[in-house]
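> In numbering that gives the first Met the number 0, the protein residues as written are 0 to 171.
If you're looking for bench data, these hints aren't it; they were derived computationally from the structure.
Among these hints, one or two may not hold up.
[To be verified] Listed below are the simulated BS3-like cross-link pairs for lysine-lysine, each with C-alpha atoms no more than 25 Å apart in a straight line: (1) K163 / K149; (2) K67 / K163; (3) K67 / K105.
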Amino acid sequence: MMRNVRKHQHRKQDGTSLIEMMVSVSLLGILAAVAVPSMVEWVRDVRLASQSDMLVSALNTARLEAIKRRSTMTVCPKPTGTSATNCSTTAGDWSSGWLVNDTSSKVLEFLVQRGVTVTTGGSATSVVFNPTLGSAQAAATFTLCVSGHKQHQIAVALSGRVSKTITSTVCA
């Protein structure tokens, strides 16, 4: 005689259970809590690096344009306002950005990104490049800062050479 054996059939599971979803959401929350502060600092660091690179680019462009056009080129602070074409009259205030000007008109305009401060060593109101060899009329030093990050210093030598240094000094 045959035994009456009942076979248990298991249903195929579709989807995920509530517990699996809760574990996944918890892990996602933990990862986000760890990653977001690091990402914010990374964005600030990139913002500072790109801002200092833009200033170096503006200074080098002004120097090369002075040689190419055989005309004096000036990098100067941009006054507040959206359509400014002349240099700021406030000495050393580079907080709105800077302009690259020739003797008659604005060539380029650069804006300062949010959270970045730009200061000059001394009372540099502008950097002027001469048409012969692109030499600067006076040496200048710029310091760019974002709170909690290392300072970026940009120096313009009398020869017109522009250099960038990341110092060990942390911005306040």
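> For K163 and K149, compute the direct alpha-carbon distance and say whether it is at most 25 Å.
Answer holds: K163 to K149 is near 13 Å, not above 25 Å.
> Given the proposed pairing of K67 with K163, does the C-alpha separation stay at or below 25 Å?
Distance ~24 Å between K67 and K163 Cα, so the pair holds.
> Next pair to validate is K67 with K105; report whether the Cα-Cα distance is within 25 Å.
Status holds; Cα separation ~16 Å.
The structure is consistent with each of the numbered hints, conforming to all of them.
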